[in-house]
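A.B. asks: These protein sequences, in sequence, are chains A and B.
Number 191 in the numbering used here belongs to position 191 of the first sequence; there are no gaps in the numbering.
Number 67 in the numbering used here belongs to position 67 of the second sequence; there are no gaps in the numbering.
Source of the hints: derived by calculation from the structure; they are not laboratory data.
Among the hints, a few may not be true.
In silico BS3-like links for lysine-lysine, alpha-carbon gap of 30 Å or less [unchecked claim]:
#1 B:Lys107 with B:Lys57
#2 B:Lys38 with A:Lys61
#3 A:Lys552 with A:Lys602
#4 A:Lys62 with B:Lys38
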Amino acid sequence: MKKIININFHSRVIPIEETAYEILQQYIESLRRYFAREEGRDEIISDIENRFSELFADKLKKGAACITDDDVTAIIASMGRPEDFEADEETASTSGAGQQGPAGSSTTAGTGASDAGTSGAGATGSSQQGGGWQYNTAEPRRLYRAENDKILGGVCGGLANYLRLDPAVVRIIFVLISFGWGFGFLLYFILWMVLPTRSLPAVVRKRLYRNPDDRVIGGVASGLAAYFHIEVWIPRLIFALPIILSVVSSLIGSAFWAHAHFHFTSPEFITGGFGGTLFIAYIVLWIVLPEAVTASDKLEMRGEKVDLESIKNTVKSDLESFKGRAKEMGTEMQDRFRQMGKEMGPQIKENIQNFSGEAGAYARKSGSGFGHAVGVLFKAFFLFIAGMIAFGLMIALVSLIFAGDGVLDLKNYILSGFWQNFLAWASFLLFFVTPVMALLTWLIRRITGVRSRTHYLGYTFATLWIIGLFCFITLAGMVMNNFRSRQHTEEEFTMSQPSHNKLVVRSAQPSGRIYDTDWWFNDDWDWKHRAPFYIFNDDSILLTTVKVDILKSDDAQYHVKLYRFSRSDNSRTASELAQQISFPVQQSDSVLSLAAGFAISKNQKFRNQQVLVAISVPLGKRIVIDNSIRSFRWFNFSGNHRHIHWSDGDEDNWDDETDLDNTYFWNSNVEYTMTATGLVRSSRLDREERPEQPERPEQKERPEQPEKKENQDQNDKQGSDHNGYRYQGPDKPAHKNNSDSPAIKSTTMLTVPYRGELSLLTALVHTL
Amino acid sequence: MNIENTQSQMRKGILEFCILSVIRRGEAYPSDIVEEMKAANLNILEGTLYPLLTRLKNAEMLTYRWVESNSGPPRKYFSLTQKGEAFYGELEATWNELANAVHALTKK
C-alpha cells in the first residue's frame, strides 16, 4: 500500500505514487546536472518532461488509477539515462565572437562540423576537446562573491571565478598574504562587504582537491599527488620528513649529550624549522582544499576530462572498491566509530552525505564553511595531542632502555620476592612497550597504506596494555606495602665537650664509585633532585639519606643523638633494619665527623632508611656545619598515605614523624651561636657586640678537595668581606641553596670530575 | 581501445544527418522521429534526441510549432529551415564522400 500524491505536471494533474515521484525527481535532477552547461538546458528538460507528461496521460487514459514505480522506470528506460546519451556537448562558444549558441557538433574531429552561423567554414570549428566550460558571454564579466563555493564569505571563490583560477590557489595566496603581510585580512573584509553574491559556476578544469579515498590524516597529500600526477608517498614523505628528522635528531642528541633538551615537551620540534612550515602548510591546505566527493570532483582532481565516459569509469571503479569494502563493512564501521571519538561533526556530516547519493552534489562540501575550518582545527589538535602522548611514551621507553643497565641493578634493592620481580617485568613490557609497539605498527601501516582486515591486533594490544596496567598497579601496591611501617632507633652518642665552645660538624668523603645520575635528570632541574646514593660495590649501595638537625640543649652541654629510621611491611622487620644501619660518628675535640653515608645491601633492600643526627647546642655555644654535609640527600617516603609523598629536607611541610620540635634552620659553612631566641649568626652577634672590628669567619680546615672547592672558598671570603652578609641575602628557610658557586651542584666529592654521561658510562663499565 | 567507444563515436557522427533527413521528409515530432529511426534499424534514445533537436533549433537549423492535441500536452513539430536545408546539403555531400571512401577501402 503506497501513498499517492497529486502533482501538477505541465498543467495536468497526475496522481502518482510517492516513491515513483521520487524516482522521477531524481531522474530530472540527473538530467539537470547532465545538461548543466548546456545552453538550452531548460528547454530540453521541459521537452523531456512534456514527453513524460504525455506518456503519463496515456497511461491514465488507458485506465490506470495512478502512475506507479514501474511506469516511471519504464519510461526512463525508453528515454534513456543521461550516461547513455550519445550527444555529449563540449564546446566553447567564445570562438564565434559573441555567439550565444553552442556549436552543434560532435566531439570527434571526424566530421569537422563547423560552428553555428558560418556554414562550411571549417576555420571556426570550435569543438574543443576538453576545453573550458561554457561561459555566459552575453554579460560582461564582473567580480562577485561566490554563493556556492565559500568557506568564509566566498570572496576567494568569486575571485577565482573571475580570474579563472583554481579557488584553492586563490585561497592559499590569500592566506599567505594575510599571514605574511597582514593586510590580507583587511582586504578580505573589504571585499566581503563590497561584493555582491551570486551563484557562480565552477570555471576551472583542474582543481586541487583533497582526496578522501586515500587518506592518512586529511587526504591532503594524496590530493596533491593526484593533481601533480606523482606517486602518493612523495608528498607524504615531504610533509613527514622534517618532523621525523627533528624528532630523531633530538632523541639522538639527548641520548648522547645529557644537556640537550628533550624538545618534545614543547611544540618547538614541530613548529621550529622547515618542519614547522610544512606542518602549518598541511593544516592550511586541509582547511582550504575541498574534498573530492563526487565522481566529477575526483576527475577534476586528476585533471581528467570530465565527460560521461570518464565519469562512468570513475563511478565504476568507485563501486568496485566500495564492493570490496562492503565486505569489510563491519570492521570499517568500527574503525569509523573509533575515529569519531576524535573527529568532529563535519566528518560525520560528510559520511552521511556520501551515503545519501549525489543529490544536491552542487552544494560544495566547503559550504559548511567556517564550521569546516574549525572542525579541521579541532581534528588537527586532537591528533596532535594524541601524537604527543604516544611520543612521550615512546621516549620514556627509549630513555629507560638507555638507562636500563643501571636501573636493572637498582631494581633488586626495591623489589623482593619472585612475584614482585615478575610483576615488574610484566608491567614494563605490557604497560610501556605495548603502546609503543602499537604506535609503531599503526604508523607503518598508515604510511605503507596497508589496511588491516581485522582489528585483532588492535584489540590484542589494548588487552595487553590493560593487563599491564593492572600489573603495574598491583606492583605499585605491593611495593608500597613494603614501606608501610616505620620504626626507628634512638641513641645518644657519647661525646666529650669541645674545648673551644664550638663544634664543627663535617662528613667524610665516600670512596665508592659515583652513580652519576645526571643523565636521568635534566641539567635544568634543581640540583637537589639528584639521586641520593652511590654505588659502593656489587652488593651494596651507599645511601646518603642523612639529616642534621640543630636543637637547643637543655643543659650546658652539647648532645648528639642519632636516630635511625627504616621502613618495612611490618614493624619488627622495620626495627631490625633500623638496627642494621651502620653510621659511625667520631669526634676529635671540636670536630664531629659523620660518616659519608651508610650502606645497605641487596638483602636488606632499600626501605627508605634514614639517619637523623640531632645536635643539641647549649646557650652561648657555637656550632658550624661544614659544607661537606651538603652531600647528604635526605628524602622521605610516606607510604601509608593514599599517595606517595616525596619530601626532602628543604620543604616546609615536613613529615610529622621526623619532625623534631625546636629545630633551627642552619646554613652550611656559617657559624652560629645558640642564643635564647635560637640560632643566630655568630658574625652578626659578634658584630653587634664589637662593631669596630671587621668580621672574618674562622678559617676552617678543609680536606683536599677538587679545584671547585677552592672557588667556593674564594667566594666565602668575598662574601664574608661584606660584613658577613652573603650575596644571597638574609636567611630564608626556603633558600637553603648555597648558590655561591654554580660549581656546588657538581662538587659532591667526586673522585672523578663531572663529565656528565661519561661518568655514568665509566661507572657502569666499572661495575661489570 | 574500447570498441564501444569507437562504435558510439561512429554513431554520433551520423546522428544529426539522420535526424535532419527524417525531418526533411516532413514535419515531425520527437516520438515520431524515434519511431522512424527505429524502423530504419537505427535505435536512438529519446533522451539523446531532445538535446540534439534543441541544439539544432538553437543553431537555427530547425524550427518548430506547437500543435495542440486533445489527448495530451501540446507537441512540438519540427521542420527544416533554409539554413537547415543548406546544412543538410553539405552533410549529404560529406556523407557521400565518406561512404565512397569507406566502400573503396573495405572492398579490397
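A.B. asks: Could you run down the list of hints and mark each one as holding or not?
C.D. replies: Tested hints:
Between Lys107 (chain B) and Lys57 (chain B) the alpha-carbon distance is near 38 Å, which puts this suggested pair outside the 30 Å criterion. Using a Cα cut-off of 30 Å, the hinted pair Lys38 (chain B) and Lys61 (chain A) holds, with the two alpha carbons roughly 26 Å apart. Distance check on the hinted pair: Lys552 (chain A) and Lys602 (chain A) sit about 38 Å apart at the alpha-carbon level, beyond 30 Å; violated. Distance check on the hinted pair: Lys62 (chain A) and Lys38 (chain B) sit about 24 Å apart at the alpha-carbon level, within 30 Å; holds.
Violated hints for the displayed structure, listed by number in ascending order: 1 and 3.
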